[in-house]
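A.B. asks: The primary structure of each chain is shown beneath.
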Amino acid sequence: NAGVTQTPKFRVLKTGQSMTLLCAQDMNHEYMYWYRQDPGMGLRLIHYSVGEGTTAKGEVPDGYNVSRLKKQNFLLGLESAAPSQTSVYFCASRAFHRGLNTEAFFGQGTRLTVV
Amino acid sequence: SQQGEEDPQALSIQEGENATMNCSYKTSINNLQWYRQNSGRGLVHLILIRSNEREKHSGRLRVTLDTSKKSSSLLITASRAADTASYFCATDLTGGGNKLTFGTGTQLKVEL
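Chains as they are written, first to last, in the numbering used here: chain A, 1 to 115; chain B, 1001 to 1112.
Just so you know, the hints here were simulated from the structure itself, not pulled from any lab data.
This one's a predicted model, so the numbers in the text were calculated from it and none came from an experiment.
Positions of the beta carbon are idealized from the N, C-alpha and C atoms, including for glycine.
Any given hint might turn out to be false.
Said to hold, decoys possible - Here are the computed lysine-lysine pairs in the DSS-like style, where the Cα-Cα straight-line distance is at most 27 Å:
(1) A/Lys71 - A/Lys9
(2) B/Lys1056 - B/Lys1069
(3) B/Lys1026 - A/Lys57
(4) A/Lys57 - A/Lys70
(5) A/Lys71 - B/Lys1099
(6) A/Lys9 - B/Lys1099
(7) B/Lys1026 - B/Lys1056
(8) A/Lys57 - B/Lys1070
(9) A/Lys57 - A/Lys71
(10) B/Lys1099 - B/Lys1069
(11) B/Lys1099 - A/Lys57
(12) A/Lys70 - B/Lys1099
(13) B/Lys1070 - B/Lys1026
Unchecked claim - A partial selection of chain B residues facing chain A, derived with a Cβ cut-off under 10 Å:
(14) Tyr1035
(15) Leu1043
(16) Leu1046
(17) Leu1100
(18) Gly1103
(19) Thr1104
(20) Gly1105
Just chain B, same shape as in the assembly:
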């Protein structure tokens, strides 16, 4: 089974609203990363948060990490139609030999 599981699997919101998606993982990590994938394209890195960090911001993105609950959340504020994409979390496991394993993703649709 995969290390990361995103929730919800699909999310539909109106432009201007905030979008929150969550990632849960199973074992200890060095860092957690969020990526975005537009339909049929390669993944693009959004933000990386290390295990000793609790919150990180980048533009309209806010990521939190709770290592005690083995979970992370990605918040996109004031969403735009251009934010429509799939979002994936990825984890670098502690002692994981530099593998980077991905979750199943959240499909976000932002409607006008």
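One chain only, chain A, in its complex shape:
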């Protein structure tokens, strides 16, 4: 039982390059989330998904796209990376149990630098 796994853990991109961050969870959770964390800003929600095939925008969605083709995977894409997207990205998942939302489980993060 690996929990939430993010790949890659580190990446350096040049401005304008594209990349995809992968989040995989093995807990059969319905909900999945992508956050970015910048110094002094806490965690800001980029996009999230409440089930396979569904996605929704969070607080800071611009410049990012997501897909959830399989329940266990949530992909975050950067089509044309910008230095402002330098950040640490966290994925999280959680269950919906007996009509109530539950706690979230987090991956270890992806440190992305755009130069």
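Fit chain B to the given chain A structure using the hints.
C.D. replies: Frame of chain A; chain B shown alone:
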């Protein structure tokens, strides 16, 4: 702007003392959660309190929720150096579409 705001932003105490951090939020919630983050690591869930609860305990942690004031507090009793971390509150908004939004965090340092 973010839904939750923690106060203080930073807190430094001696081992054995109690640490209290507060979270204020803006709109109606279903539940409020507290998380801990060690430097450079992922967040770990500590405790969840639902909107119809006023107080909850877990080991050395005590969380209160005052929905009339839209605020919550996290108390860590008899703190240890290992409690040094950042602490975040997160809210599930009523009618919020299952978003989970985080505050800006409190950095706690527990010194020997």
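A.B. asks: Decide, hint by hint, whether the structure agrees.
C.D. replies: Cross-check of the supplied hints:
1. About 22 Å separates the Cα atoms of A/Lys71 and A/Lys9, which keeps this hinted pair within 27 Å; it holds.
2. Our distance criterion of 27 Å between C-alpha atoms is met by B/Lys1056 and B/Lys1069, whose separation comes to about 17 Å.
3. At roughly 20 Å between alpha-carbon atoms, B/Lys1026 and A/Lys57 fall within 27 Å of each other, so this suggested pair holds.
4. For the hint linking A/Lys57 to A/Lys70, the alpha-carbon distance of about 18 Å falls within 27 Å, and the restraint holds.
5. Distance check on the hinted pair: A/Lys71 and B/Lys1099 sit about 17 Å apart at the alpha-carbon level, within 27 Å; holds.
6. Under the criterion of a C-alpha separation no larger than 27 Å, the hint pairing A/Lys9 with B/Lys1099 is consistent with the structure, at around 25 Å.
7. Between B/Lys1026 and B/Lys1056, the direct Cα distance comes to roughly 21 Å. Compliance with the 27 Å bound is thereby established for this hinted pair.
8. Of the supplied pair hints, the one linking A/Lys57 and B/Lys1070 holds, its CA atoms being roughly 25 Å apart against a limit of 27 Å.
9. Annotation: proposed proximity of A/Lys57 to A/Lys71 holds, straight-line Cα distance about 18 Å (limit 27 Å).
10. Our distance criterion of 27 Å between C-alpha atoms is met by B/Lys1099 and B/Lys1069, whose separation comes to about 22 Å.
11. Taking the CA atoms of B/Lys1099 and A/Lys57, the gap is about 9 Å. The hint holds against a cut of 27 Å.
12. In summary, the hint linking A/Lys70 to B/Lys1099 is supported, as the alpha carbons are separated by about 20 Å, within the 27 Å threshold.
13. Distance check on the hinted pair: B/Lys1070 and B/Lys1026 sit about 7 Å apart at the alpha-carbon level, within 27 Å; holds.
14. A least Cβ separation of about 8 Å between B/Tyr1035 and chain A falls short of the 10 Å threshold, and the interface hint therefore holds.
15. Contact between B/Leu1043 and chain A, as hinted, is supported at the beta carbon level, the nearest pair being about 5 Å apart and thus within 10 Å.
16. Among the interface hints, the one on B/Leu1046 holds; its C-beta lies about 9 Å from the nearest C-beta in chain A, closer than the 10 Å criterion.
17. For B/Leu1100, the interface hint holds, the least distance from its beta-carbon to any beta-carbon of chain A being 6 Å, beneath 10 Å.
18. At a threshold of 10 Å, the smallest CB-CB gap from B/Gly1103 to chain A is about 6 Å, leaving the interface hint in force.
19. Hint on B/Thr1104 holds. Least Cβ distance to chain A is approximately 4 Å, under the 10 Å limit.
20. A least Cβ separation of about 5 Å between B/Gly1105 and chain A falls short of the 10 Å threshold, and the interface hint therefore holds.
Going down the numbered hints, you'll see the structure goes against none, and every one checks out.
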